[in-house]
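Enquirer: Work out the full structure, taking the sequences as your base and the hints as a guide.
Number of protein chains: 4
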Amino acid sequence: ESANGFQFKKDSLTQKLQDTESRNQALEARLSELELRLESQQQEREAFRASLRSLLELLDGKIFELTELRDTLGKLLESS
Amino acid sequence: ESANGFQFKKDSLTQKLQDTESRNQALEARLSELELRLESQQQEREAFRASLRSLLELLDGKIFELTELRDTLGKLLESS
Amino acid sequence: ESANGFQFKKDSLTQKLQDTESRNQALEARLSELELRLESQQQEREAFRASLRSLLELLDGKIFELTELRDTLGKLLESS
Amino acid sequence: ESANGFQFKKDSLTQKLQDTESRNQALEARLSELELRLESQQQEREAFRASLRSLLELLDGKIFELTELRDTLGKLLESS
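Chains as they are written, first to last, in this note's numbering: chain A, 134 to 213; chain B, 134 to 213; chain C, 134 to 213; chain D, 134 to 213.
Hints in this document: simulated from the structure, not taken from any laboratory. Some hints could be false.
[As the list claims (entries may be wrong)] Which stretches of chain C does chain A cover? Using the computed rule of at least three CB atoms under 8 Å from a CB of chain A, they are:
hint	region
1	176-185
2	190-196
3	199-207
[Stated by the list, open to error] DEER-style ranges, computed between Cβ atoms:
hint	chain 1	residue 1	chain 2	residue 2	range
4	D	R182	A	S155	37 to 43 Å
5	B	E172	C	G207	48 to 54 Å
6	B	T147	C	E166	28 to 34 Å
7	A	A180	D	K143	51 to 57 Å
[To be verified] With a Cα cut of at most 25 Å, we get these calculated SDA-like pairs of lysine to any residue:
hint	chain 1	residue 1	chain 2	residue 2
8	C	K142	B	S145
9	B	K142	C	F139
10	B	K142	C	L150
11	C	K208	B	E201
12	A	K208	B	K195
13	D	K208	B	R186
14	C	K195	C	G207
15	B	K195	C	E190
16	A	K208	C	K143
17	B	K208	A	K208
18	A	K143	D	K142
19	A	K143	D	F139
20	A	K143	A	T153
21	D	K195	A	E201
22	A	K149	D	Q148
23	B	K195	A	G194
24	D	K195	B	R203
25	D	K149	A	Q148
26	A	K208	C	L171
27	D	K143	A	L150
28	A	K195	C	T200
29	C	K208	B	S212
30	B	K208	D	E201
31	C	K142	C	T153
32	C	K208	B	T200
33	D	K195	B	E198
34	A	K149	D	T153
35	A	K143	A	S155
36	C	K208	D	S187
37	A	K142	D	F141
38	D	K208	C	A183
39	A	K208	B	E179
40	A	K195	B	E198
Predicted model, so just to flag it, every value in this text is computed and none were measured. Positions of the beta carbon are idealized from the N, C-alpha and C atoms, including for glycine.
Expert: Right, dumping it as structure tokens:
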């Protein structure tokens, strides 16, 4: 092979390598971004569920209190 | 006793008897009125209690439905 | 009229008067009893209504708290 | 430069390029996976919110019905 031929192939390979490496960096940046987004969604989701669990406990309390009120009304009706 | 004395006592007794009988009629009228009032209050009271018992059953239904809603929320939170 | 005739009528009137007076006493006793019963039912009724009014206020409170819980859930759903 | 020198550089570049391309493929596979996961989480989240919105409407209904029950009790207390 001629020296020119070698040089051309070397340049072509170097160019391809640079393109691939720069594509790599773009992919890694996109991956980091997605991983952060997943993590942040996970945290949001946990916070949301924690709020819902609090609401569920509040609802339990309200149902308990309505049941007490119902029993008071029931006893009032039976007693007289 | 003289005939006049007898006549006077008889008139006096007759008068007293009439007064007492007329007092009797007034008392019996008042009694009838009170008995009717008691009976009518009893009926009102029964109707009122029947309405309250209906409300109690409605309240039972609402508490049951709230408990179902609470369970649905609970399962939703556990499942995901 | 003979003295015997007068005496008989007097005794008969006296007897009737005693019967009517004793009937009067029975009626007055019955009236007092009914009046007490009406008054006591009135007091019971007032106490019962007062208890129901307390229950109504408790129910108002529970409905208000359920509405707050509902609004919290609504905001949670909108915010995220 | 000698022919051996050229050959060595070309091999080295070719190797590096292959490594980078294979890293690229791994990154792209990981990205696809994350994108699917994000999309699936998004769908889960939408389904979850839709269920919560249904529950919110049910809760609205229950609160409305409790308020009606409360008004019925209120009218019952006023009317008698």
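Enquirer: Which numbered hints does this structure break?
Expert: Hints 16, 17, 30 not satisfied by this model.
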